[in-house]
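Engineer: Spelled out from the first residue to the last, the chains are:
Protein chains: 2
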Amino acid sequence: MRREGIAGRDLMARIETHAAIGAIEGGGVCRIALTDADRQGRDQLVRWMRELGLEVRVDRLGNIFGIRAGTTDAAPVMTGSHIDTVATGGRYDGNYGVMAGLEVIRWLDARQRRTLRPIVVAAFTNEEGVRFMPDMMGSLVHAGGYPLDAALDTTGTDGARLGDELARIGYAGDMECGSIVPHAFVELHIEQGPVLEAEGLAIGAVQDLQGISWQELSIAGQSNHAGTTPMRMRHDAGYCAAAVAVFVRELAKRYGGSQVATVGAIGLHPNLINVIAARATLTVDLRNTDEALLKQAEAELDAFLRALEQQEGVAIEARRLARFEPVKFDERLVRRIEASAHARGLPVRRMTSGAGHDAQMMARICPAAMVFVPSVRGISHNPKEHTAPADLLQGANVLLDVLLALADEPPRGP
Amino acid sequence: MRREGIAGRDLMARIETHAAIGAIEGGGVCRIALTDADRQGRDQLVRWMRELGLEVRVDRLGNIFGIRAGTTDAAPVMTGSHIDTVATGGRYDGNYGVMAGLEVIRWLDARQRRTLRPIVVAAFTNEEGVRFMPDMMGSLVHAGGYPLDAALDTTGTDGARLGDELARIGYAGDMECGSIVPHAFVELHIEQGPVLEAEGLAIGAVQDLQGISWQELSIAGQSNHAGTTPMRMRHDAGYCAAAVAVFVRELAKRYGGSQVATVGAIGLHPNLINVIAARATLTVDLRNTDEALLKQAEAELDAFLRALEQQEGVAIEARRLARFEPVKFDERLVRRIEASAHARGLPVRRMTSGAGHDAQMMARICPAAMVFVPSVRGISHNPKEHTAPADLLQGANVLLDVLLALADEPPRGP
Numbered sequence: 001m002r003r004e005g006i007a008g009r010d011l012m013a014r015i016e017t018h019a020a021i022g023a024i025e026g027g028g029v030c031r032i033a034l035t036d037a038d039r040q041g042r043d044q045l046v047r048w049m050r051e052l053g054l055e056v057r058v059d060r061l062g063n064i065f066g067i068r069a070g071t072t073d074a075a076p077v078m079t080g081s082h083i084d085t086v087a088t089g090g091r092y093d094g095n096y097g098v099m100a101g102l103e104v105i106r107w108l109d110a111r112q113r114r115t116l117r118p119i120v121v122a123a124f125t126n127e128e129g130v131r132f133m134p135d136m137m138g139s140l141v142h143a144g145g146y147p148l149d150a151a152l153d154t155t156g157t158d159g160a161r162l163g164d165e166l167a168r169i170g171y172a173g174d175m176e177c178g179s180i181v182p183h184a185f186v187e188l189h190i191e192q193g194p195v196l197e198a199e200g201l202a203i204g205a206v207q208d209l210q211g212i213s214w215q216e217l218s219i220a221g222q223s224n225h226a227g228t229t230p231m232r233m234r235h236d237a238g239y240c241a242a243a244v245a246v247f248v249r250e251l252a253k254r255y256g257g258s259q260v261a262t263v264g265a266i267g268l269h270p271n272l273i274n275v276i277a278a279r280a281t282l283t284v285d286l287r288n289t290d291e292a293l294l295k296q297a298e299a300e301l302d303a304f305l306r307a308l309e310q311q312e313g314v315a316i317e318a319r320r321l322a323r324f325e326p327v328k329f330d331e332r333l334v335r336r337i338e339a340s341a342h343a344r345g346l347p348v349r350r351m352t353s354g355a356g357h358d359a360q361m362m363a364r365i366c367p368a369a370m371v372f373v374p375s376v377r378g379i380s381h382n383p384k385e386h387t388a389p390a391d392l393l394q395g396a397n398v399l400l401d402v403l404l405a406l407a408d409e410p411p412r413g414p
Numbered sequence: 001m002r003r004e005g006i007a008g009r010d011l012m013a014r015i016e017t018h019a020a021i022g023a024i025e026g027g028g029v030c031r032i033a034l035t036d037a038d039r040q041g042r043d044q045l046v047r048w049m050r051e052l053g054l055e056v057r058v059d060r061l062g063n064i065f066g067i068r069a070g071t072t073d074a075a076p077v078m079t080g081s082h083i084d085t086v087a088t089g090g091r092y093d094g095n096y097g098v099m100a101g102l103e104v105i106r107w108l109d110a111r112q113r114r115t116l117r118p119i120v121v122a123a124f125t126n127e128e129g130v131r132f133m134p135d136m137m138g139s140l141v142h143a144g145g146y147p148l149d150a151a152l153d154t155t156g157t158d159g160a161r162l163g164d165e166l167a168r169i170g171y172a173g174d175m176e177c178g179s180i181v182p183h184a185f186v187e188l189h190i191e192q193g194p195v196l197e198a199e200g201l202a203i204g205a206v207q208d209l210q211g212i213s214w215q216e217l218s219i220a221g222q223s224n225h226a227g228t229t230p231m232r233m234r235h236d237a238g239y240c241a242a243a244v245a246v247f248v249r250e251l252a253k254r255y256g257g258s259q260v261a262t263v264g265a266i267g268l269h270p271n272l273i274n275v276i277a278a279r280a281t282l283t284v285d286l287r288n289t290d291e292a293l294l295k296q297a298e299a300e301l302d303a304f305l306r307a308l309e310q311q312e313g314v315a316i317e318a319r320r321l322a323r324f325e326p327v328k329f330d331e332r333l334v335r336r337i338e339a340s341a342h343a344r345g346l347p348v349r350r351m352t353s354g355a356g357h358d359a360q361m362m363a364r365i366c367p368a369a370m371v372f373v374p375s376v377r378g379i380s381h382n383p384k385e386h387t388a389p390a391d392l393l394q395g396a397n398v399l400l401d402v403l404l405a406l407a408d409e410p411p412r413g414p
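Protein chains in written order, with the numbering used here: chain A, 1 to 414; chain B, 1 to 414.
Everything labelled a hint here was simulated from the structure, so no lab data went into it. Some hints here could point you the wrong way.
For chains that are exact copies, the list does not tell them apart, and a pair is met inside one copy or across any two.
Stated by the list, open to error - Okay, derived cross-link-like pairs now, EDC-like style, lysine to aspartate or glutamate, Cα gap no bigger than 20 Å in a straight line:
no.: 1; residue 1: LYS253; residue 2: GLU309
no.: 2; residue 1: LYS295; residue 2: GLU216
no.: 3; residue 1: LYS295; residue 2: GLU317
no.: 4; residue 1: LYS253; residue 2: GLU312
no.: 5; residue 1: LYS253; residue 2: ASP290
no.: 6; residue 1: LYS384; residue 2: ASP149
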């Protein structure tokens, strides 16, 4: 297998140049979907696509596709991610995958290397879902999972209508959403978690993506004096919130595997040192790659809450905030990623994505998988988000290998 | 023993009249120490004392004493409490004990009943400690536990100097603090807890008062993505806060007796559903009537925190906010209270005060005890604070019995 690869300086220069658009203190980026900064980022991306001779198409939701023709009209191989960020974003989340896609094109052009299938570099609209919900919106609509009209009618946190903002920044395209159904989709992304770095690995071959269960619990107890109320007569909403947090931690430990559980937000009322809390609200985030286990975790939590209500004399209401089933990526693609890493002598492991990505939406309509590279200390959605240039380059080269192999696959597959 | 007693309508009329001063919506009272409302409350109290023929003396901290002469100059028997309230106070906390003291005087006068010892009805300055800290200030200074000058120099939450406010409302008296050292002090008060009501009892003979240990804990962990960070790699400050709350609850259950433990306030940062908390702050309120057990509880908590630091890879800092040793009330007085309740056919139990009261300060200089009456649902520091008129009357009659017996004790005691 080839060992040649993309030029690291070109990749880094492209990432640096793009990170200057919407740059914030500390080296981060604020380029929230459909703002002026997003427009500037899109304009730069489209310029680069045109410089590379790609045919640029924009769909009605503003998803951007840069298409390099193949020697046949067979279904294209697609890569890409998103260029929007959270308010205090880093420079790699999303952008890395798009920039690396452009460098794959440059590498092919420099060698006048044609492929049987077209290669498409995509940048999906509004992956982060900061201003407009839901997140992963562009790829979700592309995959037919959400109606275009509903997406365009979304009202933002600032009161703006998504369709209006899209027109304002000049990215309301005319291509019908979902027109391009790829032969395969491969997304290159930073891990946004600590596993690869901690295990000294270069490449993650992402084989699945966790299902997510988000709930907000509201606990109604009885406010009383912390000194004069005997333990047996308490209806302590604060204790109940704490008991839930400890329960889900123990549940995750007991399940093992990919199960994670987090209580990230707790609020007590009246939140005073000498008053038993009358009310508590807390969030519960449960994730597992196995839908049956995730359902079992939800059921165990529910049973625990019912028992807690009885035992403590409180009332607990659960409100579902989000629920996504786990996604299995394409086994053949995962093996291709592993094969590339092995050929390049890069330590690799199969892994699970704990975060949501455009690839999970694309997996609805074509074989899909992801390549992860290490994130220093797992930090993301933060200007401190960092991946070493050598790691970024290795990931881009794995993407190159995989795209090349896929792009030469004949129409009926091997 | 006598079964005759105070007239309920007189007691209730006095409480009603006084509760109109500083009245707030919902039937409560806002009469924060050394405000204009406090002055009006004091003026009404002094008028009533004078109408009852009491000698009114005001000390340099504004503590008010209404003195009914005895047939000898032996040390007086003192009762009373406070008439200041919290911002959203009820009408019984403190005021009830002072008003009942006046009704005892009226009862004696109506029968021209003289006592060997003088009887003093006291209203101590700033028991609540809302505007000026520390709380229970008037009785604390009276008992020699805090310097008068420091008390007068206290700066309030509104920036006012206590001594200036005292002069402004006309209650900077000239009697030296602590001049009156009683033969005994008996304070009648609502329970402010749910025990008497829950057990169907009329009278609590308060034999001790809990020691208090208040700490604020600050936990420093590591913020990370709730989906991508495996359980074993977490430094979750939110989980640690919850684990502390569950630990102290289990500690209190294990200790039993008077031990209570409360985590009333929790704050997480950044407090988001999908982010492991980087930091947590929480308060821990531990109380026990036994100083050795309270110390043991503190030591166990400390050991738990050290183990949690190791296990979770977090740093925990504990800041002491308050620490009071338990108070034992006078056994002979407690038995007198029980005897009165028995003679009147009132169901009674010995109990512990979980809250602080002026009597705990007076216990430093003379035999002291307290009489509790039921609080509906244990609610206090709230306009909803309520005790049935019949219960208020029964408590006042027990106070009458105990004061009468004490006031006729010869100088050397029985």
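Engineer: For every hint, state whether the structure bears it out.
Structural biologist: Here's how the hints hold up against the structure:
1. LYS253 with GLU309: Intra 24 Å, inter 18 Å, cutoff 20 Å: inter-copy only.
2. LYS295 with GLU216: within (17 Å within a copy, 38 Å between copies)
3. LYS295 with GLU317: Within. Shortest intra-copy distance 18 Å satisfies the 20 Å Cα cut-off; inter-copy 38 Å does not.
4. LYS253 with GLU312: Between copies only: 13 Å across, 25 Å inside.
5. LYS253 with ASP290: within (16 Å within a copy, 38 Å between copies)
6. LYS384 with ASP149: neither (37 Å within a copy, 53 Å between copies)
Against the hints set out earlier in the document, a violation occurs for number 6 only.
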